[in-house]
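Peer 1: If you read the protein sequences in the order shown, they are chains V and U.
Residue 20 is where the first sequence starts when you use my numbering, and the numbers rise one by one after that.
Residue 149 is where the second sequence starts when you use my numbering, and the numbers rise one by one after that.
Hints are supplied without guarantee of correctness; some may be wrong.
Subject to a maximum C-alpha distance of 25 Å in a straight line, what follows is the list of computed BS3-like cross-link-like pairs (lysine-lysine) [stated by the list, open to error]:
no.	chain 1	residue 1	chain 2	residue 2
1	V	Lys234	U	Lys482
2	V	Lys215	U	Lys315
3	U	Lys315	U	Lys302
Derived Cβ-Cβ restraints for the label pairs, each shown as a range [to be verified]:
no.	chain 1	residue 1	chain 2	residue 2	range
4	U	Gly235	V	Glu146	38 to 46 Å
5	U	Asp383	V	Arg184	52 to 60 Å
6	V	Lys105	U	Leu288	30 to 38 Å
7	V	Asn28	U	Thr480	54 to 62 Å
8	U	Asp481	V	Gln185	37 to 45 Å
9	V	Gly284	U	Thr543	55 to 63 Å
10	U	Pro240	V	Glu146	50 to 58 Å
11	V	Val213	U	Thr370	43 to 51 Å
Honestly, the hints are just simulated from the structure, not real lab data.
Heads up, the beta-carbon is just placed ideally off N, CA and C, and yes, glycines get one too.
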Amino acid sequence: MSTPDKLINFAKRPKIAVHKFSSCDGCQLALINDAVSLLELATMVDIVHFAEAGPLDEFAEVDLAIIEGSVNTHHDVHRIEMVRAKAKYVLSVGACALTGGIQALRNFTDEKELRHWQHDVYPEETEVIIEGDLATAKPISAYVKVDFELPGCPINTGQILRAIRQILFGVEPEKNVDPVCTTCKHAGVTCVMVAKNEPCLGPVVADGCDAICPKLGRGCYGCYGPAKYANMDAMIAKLKEMGLSDEQIKHKFHHINSQAITFHGVVARTISQ
Amino acid sequence: MNVENRTTKIEVPILARVEGEGALDLEITAGKITKCELRIYEPPRYFEKFLEGREPNEVIDAVARICGICPLAYQAGFSNAYEAAFGVELTPWIHDMRLLMFLGEWIESHYLHTHLLAAPDFLNYRSGIEMAKDYPNEVLRGVRLQHLGNEILKLLGGRSVHPNGMKVGGFYRAPREEEVAVLIPKLEAALKDAKDVVEWFSQLPFPDAEVPFKMVSLRHPTEYPVFATEVITSDGETFNINDYDEHFREFHARQSTALHSTTIAGEPILFGPLSRINLNFDRLPPHIQEMANATGIKWPSRNMFHSIIARSIEGYWAIERALEICRNYTYTDKPALEYTPKAANAWGAVEAPRGIQIDHVQLDERGYATAIRISAPTSQNLPCIEANLRSSLETFGLDKPDDELRLHAEMVIRNYDPCISCSAHFLTLNITRQ
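Based on the sequences and whatever the hints tell you, model everything.
Peer 2: The following block contains the structure:
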């Protein structure tokens, strides 16, 4: 189905829900932190569920469900299925919803080690945790069909308002295909890797943050996940040439977006474990 | 049916207008509360475990992800711990910038909480969005102040949620003088707004809610506490944060995926703005003390609902202090200090917007973490919230209709500004204190 057709019957005054799964709530703040825009948005759409902002109607029929967070518990598997069944379109936002997020670092443990973690963190009544917890933190798309995705840890206000605006106009939200380097070049930011020998993931990480880290004089650490045309082998060779150990390189990619296939697969293939 | 003998179950399956996922189970039998459990069902996230083996600045970037509303509290708490571990003495410039950035988080968090999460309860609205229809100027004023906090965070961290500017030993970059100067007129204008907010909140109807709990805060040698190493309590105790475990105990309660804290003897302890203002009133400048007294509240106050006023007074203080730092700002080309990593154990503490955030790191000779402990203010307050719910619902009247009881219970909880997405607390106590 072509993109214009996909959203052709989208309601003129849609019902929108914002759902939270396992996360820090930071992507919701892209809406709450800019309350002026949120109030304006509320004049264009009906926000029927958004627990942190107030409205509660968890399983209402909606035109658009915005999902933050990853799926970590049995209960949340059921919940995301219910949300999907009641939503015409699903928009996943942020690293947790798209790749499992930072808590997906648990996916590198085995069952025995995870059990150990559970006992270490919750020693007194671990059954509650053990019974509810899944062995993995996975993206929303691992459980239900997702229509649109916005990357970022966190996403930013301009990004989500633009995406909602585009959907209201019947247009699929655009995807950023460029790496962070593009913004650095456009903004005239001196390359931290060239000038300061700072390890920077900018060449393989998707733009969208406006190159915050290089502008602060530090290397990118990958909040927006892999760029579309990432040359991972060249990136890893460069980091090795700069003197980083295999462990340090592995940690750089096993961070905010560790489950993104580009990062996960290449690290498994090229770094000795 | 005789009201005295009825059993009522009140469930709040999702707590609205709090950060993270929680629920409340309340049972009333024969006119008495027989069950009052705040259930935190936010999934465990295991930060303490997966950060083992990571280098210091990776941990600083990672811990921001514990909480979207107060990411800097974790970054600052861990920076303090690493700097204590490595023996780094911050320069006055770095100290001032850390304080400025953290005041940005106080301003952002306080005005977000008071205006969008808490105030609607006092004025009988279901949300800030709904309240804005009748109180457009007041809500917009709060939002303006919240934005100013975000702008300060952005100046030093590039963005307000999960800022990227701070590292162990200082900052990645020093702002230019003209970047800081643009904040000055905004902060000046904000002083009037902040003062008006204090006056507005002092007119709110305050339910009775006397809290008997021991109050706890950090204590700074000369000013209102943000970063400090001394802890004081309303019982007159004073101790260093390094001795925290000798005074408080963190444990796991069955109903919750967040940890709870009490004194060693098992009494609830109250952290946060009401504790801070009560215990540090003398550290507020005289004209702010006057402003606080002009609200008609007799300080120290034990009415938990006065927290909203405490937050607004702290907001005013934070804006004034931030203004002072900006007016005295000079650029430096040395925004961070070098340090030599080494094996160590260290504590770091800050007054997060909701109360003391205390972190502990155990490091190997490379400075990589071998064990991490994170104690967030909300988990320390959970036993207080439950005890406060019991007493304030009894004062409110258990014979009131269920809907009114439910709303009042939610109001009590939201008043604390619980931040429960953190669900990430490592308990070493059982192991280390044997």
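Peer 1: Next step is simple, just say for each hint if it's right about the structure.
Peer 2: Tested hints:
For the proposed pair Lys234 (chain V) and Lys482 (chain U), the alpha carbon gap of about 17 Å is at most 25 Å, so the pair holds. Distance restraint check for Lys215 (chain V) and Lys315 (chain U): the Cα-Cα separation of roughly 17 Å lies within the 25 Å cut-off, and the hinted pair is therefore satisfied. As the CA atoms of Lys315 (chain U) and Lys302 (chain U) are separated by approximately 15 Å, the hinted pair is consistent with the 25 Å bound. The hinted range of 38 to 46 Å is satisfied by Gly235 (chain U) and Glu146 (chain V), whose Cβ atoms lie roughly 43 Å apart.
Between Asp383 (chain U) and Arg184 (chain V), the C-beta spacing of about 55 Å keeps the proposed range 52 to 60 Å intact. One distance hint, 30 to 38 Å for the beta-carbon pair Lys105 (chain V) and Leu288 (chain U), holds here, with the actual separation near 33 Å. Taking the beta carbon of each, Asn28 (chain V) and Thr480 (chain U) are about 58 Å apart, inside 54 to 62 Å as hinted. Separated by about 43 Å at the C-beta atoms, Asp481 (chain U) and Gln185 (chain V) satisfy the suggested range of 37 to 45 Å.
Between Gly284 (chain V) and Thr543 (chain U), the C-beta spacing of about 60 Å keeps the proposed range 55 to 63 Å intact. As the Cβ distance of Pro240 (chain U) to Glu146 (chain V) is approximately 52 Å, the hint placing it in 50 to 58 Å holds. Between Val213 (chain V) and Thr370 (chain U) the CB atoms are about 45 Å apart, so this pair conforms to the stated range of 43 to 51 Å.
Checked against the numbered hints above, the structure violates none of them.
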